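Enquirer: Each chain is listed here by its residues.
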Amino acid sequence: MSADRRHSSGAAGRSRAALALRALVAVALLVDAVVHLRLATGYQASAPGGVGAGTLFRVEAVAALVAAVWVLSRGSRSANLAALVVGLSAVAAVVLYRYVDIPAFGPLPAMYEPVWFPEKVVSAVAEGVAAAAAGLGLLVGGNRLHRR
Amino acid sequence: MTRRIALLGIIPALALGLAACGSSTPDAGSSSTSSSMSSMDMPSSSGSSSSTAPSSSSSDSAEAVISIADFAYTVPASVAPGATITIKNSDSQAHTVTSKEGGFDVKVDPQGTATMKAPTKPGSYKFVCSFHANMTGTLVVK
Numbered sequence: 010m011s012a013d014r015r016h017s018s019g020a021a022g023r024s025r026a027a028l029a030l031r032a033l034v035a036v037a038l039l040v041d042a043v044v045h046l047r048l049a050t051g052y053q054a055s056a057p058g059g060v061g062a063g064t065l066f067r068v069e070a071v072a073a074l075v076a077a078v079w080v081l082s083r084g085s086r087s088a089n090l091a092a093l094v095v096g097l098s099a100v101a102a103v104v105l106y107r108y109v110d111i112p113a114f115g116p117l118p119a120m121y122e123p124v125w126f127p128e129k130v131v132s133a134v135a136e137g138v139a140a141a142a143a144g145l146g147l148l149v150g151g152n153r154l155h156r157r
Numbered sequence: 008m009t010r011r012i013a014l015l016g017i018i019p020a021l022a023l024g025l026a027a028c029g030s031s032t033p034d035a036g037s038s039s040t041s042s043s044m045s046s047m048d049m050p051s052s053s054g055s056s057s058s059t060a061p062s063s064s065s066s067d068s069a070e071a072v073i074s075i076a077d078f079a080y081t082v083p084a085s086v087a088p089g090a091t092i093t094i095k096n097s098d099s100q101a102h103t104v105t106s107k108e109g110g111f112d113v114k115v116d117p118q119g120t121a122t123m124k125a126p127t128k129p130g131s132y133k134f135v136c137s138f139h140a141n142m143t144g145t146l147v148v149k
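Protein sequences, first through last, are from chains S and W. Under my numbering, the first residue of the first sequence is numbered 10, with each subsequent residue one higher. Under my numbering, the first residue of the second sequence is numbered 8, with each subsequent residue one higher.
Calculated directly from the structure, the hints in this document are not laboratory data. Computed from a predicted model, the values in this text were never measured in an experiment. Beta carbons are placed, not taken as given, at the ideal position from N, Cα and C, and that holds for glycine. Misleading hints may appear alongside valid ones.
What the hints assert, rightly or not - Restraint-style ranges between C-beta atoms, simulated for each label pair: (1) S:R47 / W:K107: 15 to 21 Å; (2) W:A84 / S:A29: 35 to 41 Å; (3) S:R83 / W:S131: 52 to 58 Å; (4) W:A76 / S:V36: 34 to 40 Å; (5) W:K133 / S:A32: 37 to 43 Å; (6) S:V104 / W:K107: 27 to 33 Å.
Claimed, not checked - Simulated pairs of lysine-lysine, DSBU-like, Cα-Cα distance not exceeding 30 Å: (7) W:K133 / S:K129; (8) W:K107 / S:K129; (9) W:K95 / W:K107; (10) W:K95 / S:K129.
With the rest of the complex left out, here is chain W:
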């Protein structure tokens, strides 16, 4: 009898264990290919806006691209001060591009794109994904 009660408790635990762990992605209904972003605490010199998908970028150009794939950033070698940066997220989870020193904080939805303005002051800006602390990058503005 005791064993039967224990088994009854264990079956839901198995289901929960299978459900938990790993990571996450968008729900089926919200997956999209359209652009979407939001910004938090953006300074006046680095505003941001929603955008449609950009073309590829090159370093030091007026428009640059930060790509996110497999939970890693690909960042241009450098960007011009105040340049428009498009962020393309091909993962199935949302990410952010968040400067540790402040200056930019942009959320990019799963399979989405977003834009932001590079800081106007030259320098190296370390950033992270505030959802996944293992994701880091550096934006060089010069």
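Bound conformation, chain S alone:
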């Protein structure tokens, strides 16, 4: 096999891996969005203070959907960075409010919920996966740029 063919085959493999990574980020963010949209109505009723927890859930879902579409359509550094920020901030929030009783402030209701349940776990894992995959996408993209 010539050096050119080896190089070409390696590039195709990297391209497939990058596409798979982008798909993983998008699917994870989609799962996160669906869970938040499903829970939003109940949480708005149980915590209507400030803008209401349900409103925040819907905003989070929209942010996740936008980032998912962005990553899927353009695997740019900006898209991966957006997915990383959405995923990381969401997983940080869910863990924070699981363990720390933070009072309401400004438009945010207090959102302490000292339990895990299946949908919440699925959402948190999806957020973590999205953040990790987006971070990996950033690293891989960064290394590729660096090599150029």
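Given the coordinates of chain S, work out where chain W should sit on it, guided by the hints.
Expert: Coordinates of chain W only, in the frame set by chain S:
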């Protein structure tokens, strides 16, 4: 330049992400220790009313207590038909005690109490919190 625009979009996303997720609680202004409840679709045999905080309850007594803490119900072993049931919510979010088969549906505010009447027909009544579907319990009437 493109990177700068992307960062401008990402900063609000970070704030929103931090705001979302988790769960909720009462707003600072509405937290209260007083009783408060509302009922929906209550049949004539199981009415409800606002009440002040009750004392502890025991099973099979005329007055029973359903406690809600950490997003879980603690239910008496059984209650008498038509018994007055006090619901005490020590969470910082509102919950409901909603029978799946109908018969009772009571909302309890954060840190609040409410009362309802047990169904007059003996049996096991499964109930949920209509805001948090993972919360379930069974009320035994006998």
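Enquirer: Go ahead and decide if the range 27 to 33 Å is satisfied by the Cβ distance of V104 (chain S) to K107 (chain W).
Expert: holds (32 Å)
Enquirer: Between the beta carbons of R83 (chain S) and S131 (chain W), is the distance compatible with 52 to 58 Å?
Expert: The hint (52 to 58 Å, Cβ to Cβ) holds, given that R83 (chain S) and S131 (chain W) are roughly 56 Å apart.
Enquirer: Between the alpha carbons of K95 (chain W) and K107 (chain W), is the straight-line distance 30 Å or under?
Expert: Distance of about 20 Å is within 30 Å: holds.
Enquirer: Note whether the CB distance of A84 (chain W) and A29 (chain S) lies within 35 to 41 Å or breaks it.
Expert: violated (54 Å)
Enquirer: For a C-alpha distance cap of 30 Å, please report whether K133 (chain W) and K129 (chain S) respect it.
Expert: Roughly 23 Å separates the two Cα atoms, so the pair holds.
Enquirer: Is the hinted pair K107 (chain W) and K129 (chain S) satisfied, with a Cα-Cα distance of at most 30 Å?
Expert: OK: K107 (chain W) and K129 (chain S) at ~23 Å, within 30 Å.
Enquirer: Look at the Cβ atoms of A76 (chain W) and V36 (chain S) and judge whether their distance stays inside 34 to 40 Å.
Expert: holds (36 Å)
Enquirer: Quickly compare the C-alpha distance for K95 (chain W) and K129 (chain S) to 30 Å and report which way the hint goes.
Expert: holds (25 Å)
Enquirer: With 37 to 43 Å as the target window, see if K133 (chain W) and A32 (chain S) comply at their CB atoms.
Expert: holds (41 Å)
Enquirer: The hint says 15 to 21 Å between R47 (chain S) and K107 (chain W); measuring C-beta to C-beta, is that right?
Expert: holds (19 Å)
The structure does not agree with numbered hint 2 stated previously, though it agrees with all others.
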